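Student: Protein chains in written order, with my numbering: chain A, 16 to 341; chain B, 102 to 419; chain C, 142 to 462.
Just so you know, the hints here were simulated from the structure itself, not pulled from any lab data.
Given the structure is predicted, the values throughout are model-derived calculations rather than measurements.
The C-beta atom is built at its ideal place from N, Cα and C for all residues, glycine as well.
Misleading hints may appear alongside valid ones.
Simulated pairs of lysine to aspartate or glutamate, EDC-like, Cα-Cα distance not exceeding 20 Å [what the hints assert, rightly or not]:
no.	chain 1	residue 1	chain 2	residue 2
1	C	Lys187	C	Asp383
2	C	Lys443	C	Asp179
3	B	Lys309	C	Asp247
4	C	Lys233	C	Asp212
5	C	Lys403	A	Asp127
6	C	Lys403	A	Asp230
7	A	Lys106	A	Asp127
8	B	Lys307	C	Asp383
9	C	Lys159	A	Glu170
10	C	Lys159	B	Glu240
11	C	Lys403	A	Glu257
12	C	Lys317	C	Glu186
13	C	Lys443	C	Asp420
14	A	Lys106	A	Glu162
15	B	Lys309	C	Glu323
16	C	Lys187	A	Asp219
17	B	Lys309	C	Asp260
18	C	Lys344	A	Glu98
19	C	Lys205	C	Glu219
20	B	Lys307	C	Asp420
21	C	Lys187	C	Asp420
22	C	Lys344	C	Glu462
23	C	Lys403	A	Asp282
24	C	Lys403	A	Glu196
25	A	Lys106	A	Asp219
26	B	Lys309	C	Asp212
27	C	Lys187	C	Asp345
A few chain C residues that don't get close to chain A, going by computed Cβ distances all over 12 Å [said to hold, decoys possible]:
no.	residue
28	Ile162
29	Trp173
30	Asp230
31	Val237
32	Pro254
33	Val266
34	Ala268
35	Arg269
36	Gly285
37	Gln333
38	Asn423
39	Gly427
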Amino acid sequence: MKEAVLSIRDLTVEIPTRHGILRPVDGVSYDIAPGEVLGVVGESGAGKSMAGNAVIGLLTPPAHIAGGEIVVNGQRIDQLTGEAMRRLRGKQIGMVFQDPLTSLNPLLRIGDQLTETMLAHLDISRTEAEERAVAALAEVGIPGAAERVNSYPHEFSGGMRQRVVIALALCAEPSLIIADEPTTALDVSVQAQIIALLKRLCRDRGTAIMLITHDMGVIAEAADRVAVMYAGRLAELGPVREVLMQPHHPYTAGLMGSTPLASRGKDRLHQIPGAMPRLDSLPGGCAFHPRCPRAAARCSSAPGPLITDGDGRAACWFPLDREGVA
Amino acid sequence: MAELSSQTPEKVVERSRLRVAIDSDFAWQFRKSPVAIVSAVVVTIMVLAAIFAPLIAPYDPFDPGSLNLMNGFSRPMTPNAFTQEVFWLGTDDQGRDVFSTILYGMRISLFVGAAAVLFAMVLGITLGLLAGYAGGWTETIIMRVADVQLTFPAILVAMLIFGIAKGITPVEYRDQMAIWVLIIAIGLSDWVQFARVVRGATLVEKNKEYVQAARLIGRGSGAIMLRHILPNVLSPVLVIATISLALAIIAEATLSFLGVGAPPTQPSLGTLIRIGQGFLFSGEWWILLFPALTLLTLALSVNLLGDWLRDALNPRLR
Amino acid sequence: MTGMVSIRNLTRVFDVSKPWINRLVERRPKAWLTAVSDVSFEIEEKTVYALVGESGSGKSTIGKMLVGLLDPTDGSVEIRGTDLARETDAAKVDAVRRDIQMIFQDPFASLNPRWRVRDIIVEPVAARGGDTTGMAERLLEEVGLSARDAGKFPHEFSGGQRQRICIARALASGPKLIVCDEPTSALDVSVQAQVLNLMSDLKDQLGLTYLFISHDLTVVQHMADRIGVLYLGRLVEEAGPDALFENPRHPYTQMLLAAAPKLDDFGREVPPPTGEIPDPINPPPGCAYHPRCPLAEDICKKERPVMRTIEGTRVACHMAE
Numbered sequence: 016m017k018e019a020v021l022s023i024r025d026l027t028v029e030i031p032t033r034h035g036i037l038r039p040v041d042g043v044s045y046d047i048a049p050g051e052v053l054g055v056v057g058e059s060g061a062g063k064s065m066a067g068n069a070v071i072g073l074l075t076p077p078a079h080i081a082g083g084e085i086v087v088n089g090q091r092i093d094q095l096t097g098e099a100m101r102r103l104r105g106k107q108i109g110m111v112f113q114d115p116l117t118s119l120n121p122l123l124r125i126g127d128q129l130t131e132t133m134l135a136h137l138d139i140s141r142t143e144a145e146e147r148a149v150a151a152l153a154e155v156g157i158p159g160a161a162e163r164v165n166s167y168p169h170e171f172s173g174g175m176r177q178r179v180v181i182a183l184a185l186c187a188e189p190s191l192i193i194a195d196e197p198t199t200a201l202d203v204s205v206q207a208q209i210i211a212l213l214k215r216l217c218r219d220r221g222t223a224i225m226l227i228t229h230d231m232g233v234i235a236e237a238a239d240r241v242a243v244m245y246a247g248r249l250a251e252l253g254p255v256r257e258v259l260m261q262p263h264h265p266y267t268a269g270l271m272g273s274t275p276l277a278s279r280g281k282d283r284l285h286q287i288p289g290a291m292p293r294l295d296s297l298p299g300g301c302a303f304h305p306r307c308p309r310a311a312a313r314c315s316s317a318p319g320p321l322i323t324d325g326d327g328r329a330a331c332w333f334p335l336d337r338e339g340v341a
Numbered sequence: 102m103a104e105l106s107s108q109t110p111e112k113v114v115e116r117s118r119l120r121v122a123i124d125s126d127f128a129w130q131f132r133k134s135p136v137a138i139v140s141a142v143v144v145t146i147m148v149l150a151a152i153f154a155p156l157i158a159p160y161d162p163f164d165p166g167s168l169n170l171m172n173g174f175s176r177p178m179t180p181n182a183f184t185q186e187v188f189w190l191g192t193d194d195q196g197r198d199v200f201s202t203i204l205y206g207m208r209i210s211l212f213v214g215a216a217a218v219l220f221a222m223v224l225g226i227t228l229g230l231l232a233g234y235a236g237g238w239t240e241t242i243i244m245r246v247a248d249v250q251l252t253f254p255a256i257l258v259a260m261l262i263f264g265i266a267k268g269i270t271p272v273e274y275r276d277q278m279a280i281w282v283l284i285i286a287i288g289l290s291d292w293v294q295f296a297r298v299v300r301g302a303t304l305v306e307k308n309k310e311y312v313q314a315a316r317l318i319g320r321g322s323g324a325i326m327l328r329h330i331l332p333n334v335l336s337p338v339l340v341i342a343t344i345s346l347a348l349a350i351i352a353e354a355t356l357s358f359l360g361v362g363a364p365p366t367q368p369s370l371g372t373l374i375r376i377g378q379g380f381l382f383s384g385e386w387w388i389l390l391f392p393a394l395t396l397l398t399l400a401l402s403v404n405l406l407g408d409w410l411r412d413a414l415n416p417r418l419r
Numbered sequence: 142m143t144g145m146v147s148i149r150n151l152t153r154v155f156d157v158s159k160p161w162i163n164r165l166v167e168r169r170p171k172a173w174l175t176a177v178s179d180v181s182f183e184i185e186e187k188t189v190y191a192l193v194g195e196s197g198s199g200k201s202t203i204g205k206m207l208v209g210l211l212d213p214t215d216g217s218v219e220i221r222g223t224d225l226a227r228e229t230d231a232a233k234v235d236a237v238r239r240d241i242q243m244i245f246q247d248p249f250a251s252l253n254p255r256w257r258v259r260d261i262i263v264e265p266v267a268a269r270g271g272d273t274t275g276m277a278e279r280l281l282e283e284v285g286l287s288a289r290d291a292g293k294f295p296h297e298f299s300g301g302q303r304q305r306i307c308i309a310r311a312l313a314s315g316p317k318l319i320v321c322d323e324p325t326s327a328l329d330v331s332v333q334a335q336v337l338n339l340m341s342d343l344k345d346q347l348g349l350t351y352l353f354i355s356h357d358l359t360v361v362q363h364m365a366d367r368i369g370v371l372y373l374g375r376l377v378e379e380a381g382p383d384a385l386f387e388n389p390r391h392p393y394t395q396m397l398l399a400a401a402p403k404l405d406d407f408g409r410e411v412p413p414p415t416g417e418i419p420d421p422i423n424p425p426p427g428c429a430y431h432p433r434c435p436l437a438e439d440i441c442k443k444e445r446p447v448m449r450t451i452e453g454t455r456v457a458c459h460m461a462e
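Can you make the complete structure from the sequences, with help from the hints?
Tutor: So, in structure tokens, the structure goes:
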């Protein structure tokens with residue numbers, strides 16, 4: 016495997032509260048290689064966004080990194096101060112959020128936002144930055160880029176705005192992009208456009224993408240590998256086809272079973288009983304055991320051990336084998 | 102499918118509202134804030150002292166029979182030159198115990214303040230709900246009246262109302278009417294902020310799906326406003342009411358100080374300050390100082406409590 | 142099967158003008174947004190009729206007109222032969238209203254946070270002065286919660302549990318027709334499955350009819366007996382799920398199906414759809430889809446296509462055959 020762009024080891028995020036310490040991310044490890052899309056999938060409360068925010072140093076206090084390390088291009092960044100982190104963001108890590116409006120300054124023309132970002136991070140002249148801004152907009156598929164650089168964010172539609180955000184995330188040529196639910200607020204047809212765009216950029220430029228989403232369909236379509244999170248822990252990690260079609264972890268299998276599929280017709284959906292536990296009342300042992308059809312006594316005493324299978328791994332006492340029948 | 106319920110069997114009893122209140126984040130934030138605790142204690146003591154003034158006060162300053170002119174101008178904590186009586190906070194020119202007059206004065210001040218805020222609150226909430234829920238011309242008219250009202254300082258409005266009321270009431274009733282006129286005057290100058298906040302919150306709430314669900318059932322507008330929207334717009338009202346209380350007490354004191362408020366027969370803190378300032382330059386400082394300090398403490402504590410309440414109920418406003 | 146709902150030429154126009162003072166200063170005319178334009182369809186009793194479409198397609202507006210939260214600008218909604226907007230007999234209107242209920246999208250906004258669950262659930266009956274003894278407890282168990290939950294407040298429940306409470310409330314008045322406006326789009330996928338299964342079960346047990354509004358094609362395919370596809374306030378295609386998904390006839394439906402993410406089609410490389418939904422205040426003339434349509438010809442720019450029936454599929458397209 017090539018040198019990883021992002022490497023997370025045993026990352027733990029804690030939030031101290033009056034009821035005790037909550038751990039929204041608990042001992043998570045994964046790598047992303049250049050040109051790879053890693054899908055991070057999970058339901059609300061799984062800690063997937065919190066892990067992304069930890070990487071870019073955008074945890075809202077009192078949440079903080081309590082353990083583990085984050086390495087970007089060989090440099091450890093979890094200890095960096097605010098100023099050093101700010102320089103790193105944009106230069107090495109780009110961000111795309113669910114709501115494009117929060118990433119754009121409504122009072123600045125988008126061309127100016129792009130040029131400012133480039134001037135802050137790249138050693139180029141203003142004229143060159145302006146030329147590159149037009150090129151960046153054209154690259155993300157904005158028609159009439161040369162004129163639209165002078166537009167304000169509100170003059171774009173939702174899908175076009177998300178393209179602008181992607182151009183902004185890319186303009187300083189970062190090696191990693193963290194995309195947190197980038198298509199959730201968009202319509203199906205626009206979502207397809209944005210996914211295609213992300214994949215193309217990833218392939219052409221060798222940018223690594225951490226794609227955080229709750230939508231299994233988006234993962235199947237866009238990701239090379241997928242990390243399934245549950246209650247702050249990594250349940251399963253591996254190549255997307257294997258994880259989705261032949262999951263080891265019963266939670267992944269349950270998720271796939273509860274997704275309505277064209278091929279399944281109108282049969283009853285498989286359902287996982289209960290709901291994701293709240294962080295202040297996590298069950299002991301494997302957090303999934305109260306909802307798990309395969310759970311036995313030992314599941315409530317200790318978290319599932321890591322099993323590996325080729326490029327994949329899963330944390331479970333009683334994993335499903337590759338034939339994948341529960 | 103009963104396993105979906107989050108509660109265990111032994112907890113069948115519904116948690117009482119009191120229990121819920123004690124366990125709430127709100128109560129927790131209160132316990133964590135020294136300023137809130139101190140001001141709450143001060144306010145509670147002052148309110149209790151005002152309510153039980155007849156029991157606490159060593160003298161009845163309004164009983165002419167108990168007054169001894171010989172006690173006039175006693176210094177605080179010093180035996181009177183003629184009668185050897187000791188008054189904690191001294192006496193005024195007529196020998197009235199300053200501590201007792203403050204207790205009775207606080208009673209008037211708090212009553213006028215609270216009643217005025219209550220009046221402003223009822224008026225403001227009603228008009229705000231109506232403006233927010235009905236929209237259209239109802240809203241335009243109510244809010245324009247509110248805008249016009251806001252361009253006049255509250256004291257000016259109160260003085261105007263006070264003046265009119267004084268003009269139309271017969272002389273013999275003036276003293277009796279004064280307190281009620283004061284309440285209405287301060288209340289009328291204060292309803293606008295309640296109306297504005299309630300209207301804003303109503304605009305948000307009325308588009309929520311639970312209101313649509315109620316409309317769908319065929320609930321009338323009145324029931325929706327009172328049973329559904331009102332309970333959900335009350336927390337900002339509570340904050341404003343507390344801060345308004347401090348302002349109303351000060352407004353009352355200002356009016357009384359200017360001589361258009363509480364009459365000398367029912368002196369409020371403001372009246373006491375007005376009376377006291379006449380003696381400042383002749384050396385009897387205590388007649389002014391102690392009522393003024395009381396007013397300051399009362400207004401400040403209520404205000405601090407209101408500030409804390411705003412932070413606790415609405416963290417984003419901080 | 143008999144007809145439950147009959148919608149004829151339904152149209153709804155919203156006034157989206159700026160305040161008059163702005164119009165005066167900027168010299169702009171009044172602006173009108175046609176959210177629903179000439180839509181007609183029927184819902185059979187005890188079936189699930191689904192409306193799918195992207196944002197701005199008018200699907201929620203149709204739902205609100207059906208339950209009477211909005212009045213139609215033109216056209217009619219008849220429920221069992223009664224037109225709620227025109228019927229003058231109050232008793233008849235009330236009887237029909239009792240038969241209709243609605244489930245909303247956001248389970249966090251659709252329950253009054255200051256009310257106990259018991260009061261929320263029985264409100265549809267209590268508001269009419271009916272007897273509600275034990276009703277909340279019975280309904281809670283029917284939707285898979287516990288009778289003990291009746292005394293709690295909404296904030297003590299998760300999203301999925303709240304949606305169950307909403308369903309219980311919708312069932313309280315014993316309705317025949319329930320309009321479900323994106324009932325699971327705010328829920329996680331494992332919880333969505335629970336709620337969808339519950340809705341299917343209740344439909345079979347109680348003989349309900351659903352109007353199911355959603356943007357999610359896979360959910361619609363799972364639930365619906367008949368599907369209407371909306372684009373910019375117009376009904377462009379209507380068919381049964383098999384016909385629609387296997388043989389979509391309208392180019393917009395074809396585009397939607399191609400764009401929807403496929404769970405079992407990894408690393409799919411298809412050309413993404415082109416263009417975006419146009420501004421509904423100034424929709425394109427003729428067929429609203431023509432600027433994005435690969436098949437568009439001159440006639441599409443001039444004439445709005447009428448609904449035609451081809452092998453059981455209703456489609457509004459000049460080119461469809």
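Student: Are the hints correct? Go through all of them and say.
Tutor: Taking the hints in turn, this is what the structure says about them:
1. Lys187/C x Asp383/C: With a Cα-Cα distance of about 19 Å, the restraint between Lys187/C and Asp383/C holds, given a limit of 20 Å.
2. Lys443/C x Asp179/C: holds, 17 Å
3. Lys309/B x Asp247/C: holds, 9 Å
4. Lys233/C x Asp212/C: holds, 18 Å
5. Lys403/C x Asp127/A: violated, 38 Å
6. Lys403/C x Asp230/A: holds, 11 Å
7. Lys106/A x Asp127/A: The hint holds at about 17 Å.
8. Lys307/B x Asp383/C: Measuring from Cα to Cα gives roughly 41 Å; hence the hint is violated.
9. Lys159/C x Glu170/A: Holds, at about 17 Å.
10. Lys159/C x Glu240/B: holds, 17 Å
11. Lys403/C x Glu257/A: holds, 15 Å
12. Lys317/C x Glu186/C: holds, 9 Å
13. Lys443/C x Asp420/C: Answer holds: Lys443/C to Asp420/C is near 18 Å, not above 20 Å.
14. Lys106/A x Glu162/A: Not OK: Lys106/A and Glu162/A at ~26 Å, beyond 20 Å, violated.
15. Lys309/B x Glu323/C: holds, 15 Å
16. Lys187/C x Asp219/A: violated, 53 Å
17. Lys309/B x Asp260/C: Between Lys309/B and Asp260/C the Cα gap is close to 18 Å, so the pair holds against 20 Å.
18. Lys344/C x Glu98/A: Measuring from Cα to Cα gives roughly 58 Å; hence the hint is violated.
19. Lys205/C x Glu219/C: Holds, at roughly 14 Å.
20. Lys307/B x Asp420/C: At roughly 27 Å apart (the allowed maximum being 20 Å), Asp420/C and Lys307/B break the hint.
21. Lys187/C x Asp420/C: violated, 36 Å
22. Lys344/C x Glu462/C: violated, 35 Å
23. Lys403/C x Asp282/A: holds, 18 Å
24. Lys403/C x Glu196/A: holds, 17 Å
25. Lys106/A x Asp219/A: holds, 18 Å
26. Lys309/B x Asp212/C: holds, 19 Å
27. Lys187/C x Asp345/C: Holds. Lys187/C to Asp345/C sits at ~8 Å (cutoff 20 Å).
28. Ile162: Check passes; 21 Å lies beyond 12 Å.
29. Trp173: Holds, because the least Cβ-Cβ distance between Trp173/C and chain A comes to about 20 Å, which exceeds 12 Å.
30. Asp230: holds, 40 Å
31. Val237: holds, 30 Å
32. Pro254: holds, 18 Å
33. Val266: It holds; Val266/C is separated from chain A by about 29 Å at its closest Cβ, greater than 12 Å.
34. Ala268: holds, 31 Å
35. Arg269: holds, 34 Å
36. Gly285: With a cut-off of 12 Å, Gly285/C comes too close to chain A, as the shortest Cβ separation is near 10 Å.
37. Gln333: Check fails; 7 Å does not lie beyond 12 Å.
38. Asn423: The assertion about Asn423/C holds, with a minimum of 14 Å to chain A.
39. Gly427: holds, 20 Å
When each numbered hint is compared with the structure, violations occur for hints 5, 8, 14, 16, 18, 20, 21, 22, 36, 37.
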